[in-house]
Amino acid sequence: KQEVTQIPAALSVPEGENLVLNCSFTDSAIYNLQWFRQDPGKGLTSLLLIQSSQREQTSGRLNASLDKSSGRSTLYIAASQPGDSATYLCAPGVTGGFKTIFGAGTRLFVKA
Amino acid sequence: NAGVTQTPKFQVLKTGQSMTLQCAQDMNHEYMSWYRQDPGMGLRLIHYSVGAGITDQGEVPNGYNVSRSTTEDFPLRLLSAAPSQTSVYFCASRAPGQGARGYGYTFGSGTRLTVV
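Order-wise, the sequence lines are chains A and B.
Residues 1 to 112, numbered by this note's numbering, are exactly what the first sequence covers, in order.
Residues 1 to 116, numbered by this note's numbering, are exactly what the second sequence covers, in order.
It should be emphasised that the hints constitute simulated quantities derived from the structure, not laboratory data.
It should be emphasised that the depicted structure is a prediction, and the values quoted were computed from it without experimental measurement.
Please note that a few of the clues may not be correct.
Computed cross-link-like contacts, DSBU-like style, restricted to lysine-lysine with a CA-CA straight-line distance of at most 30 Å [said to hold, decoys possible]: (1) LYS42/A / LYS1/A; (2) LYS99/A / LYS9/B; (3) LYS42/A / LYS14/B; (4) LYS42/A / LYS9/B.
Some chain B residues near chain A, calculated using beta-carbon distances under 7 Å [unchecked claim]: (5) GLY51; (6) GLY58; (7) VAL60; (8) GLY102; (9) PHE107.
Note that beta-carbon positions come from the ideal geometry of N, C-alpha and C, so glycine has one too.
With the hints as extra help, turn the sequences into a complete structure.
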């Protein structure tokens, strides 16, 4: 069974700092990995989808990397802003499976 | 706007009552799933469907029923509500993969359910 761990569980940084969120997974037989953002009391918004054949995917100040063989993905946020404050979740999609398991998330707070 | 629509947004039930949470998507996605989200537990899969007429259980299926008569709709039924079912429920959908390429999930905005 896939297990997904996100470290750190919570992070508080000053505005402008670059930061890295980590996601590790035990089953490396994945076809893609998706990063989401969740604001308090809201649903999940997709940020980046990285295919298993890709090493990186970028959208604005966000960059996601994937190392399938080691079971790791990172989400890099450049020049963080207070509006980036949210919980970030990762979800690796297991090949041939439909039971996508989500990490518990990293709660990010960016101080102005 | 294309997407996943969940209704209602909020609901309070008494113990023992039944109700149906609605989920509809207009993206012609074959795969649909129901998750519940609880503090400290993250998102847990309740039931999922890979197409009309096909459903299967996830991690926490007890107390819930699903059916999938059309591609668009995937309702979740609580048979006899219990306080342990107090949670936020999310519906999600995605298209099937093509070869080695997989598609990502689109989530609804959630239903916040309280059972008293």
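For each hint, the structure was consulted:
1. LYS42/A / LYS1/A: holds, 28 Å
2. LYS99/A / LYS9/B: holds, 25 Å
3. LYS42/A / LYS14/B: holds, 24 Å
4. LYS42/A / LYS9/B: With a Cα-Cα distance of about 11 Å, the restraint between LYS42/A and LYS9/B holds, given a limit of 30 Å.
5. GLY51: violated, 11 Å
6. GLY58: holds, 6 Å
7. VAL60: Constraint on VAL60/B not satisfied, violated at 11 Å.
8. GLY102: Given a least distance of 4 Å, the restraint on GLY102/B holds.
9. PHE107: holds, 4 Å
In this structure, the hints that do not hold are numbers 5 and 7, in rising order.
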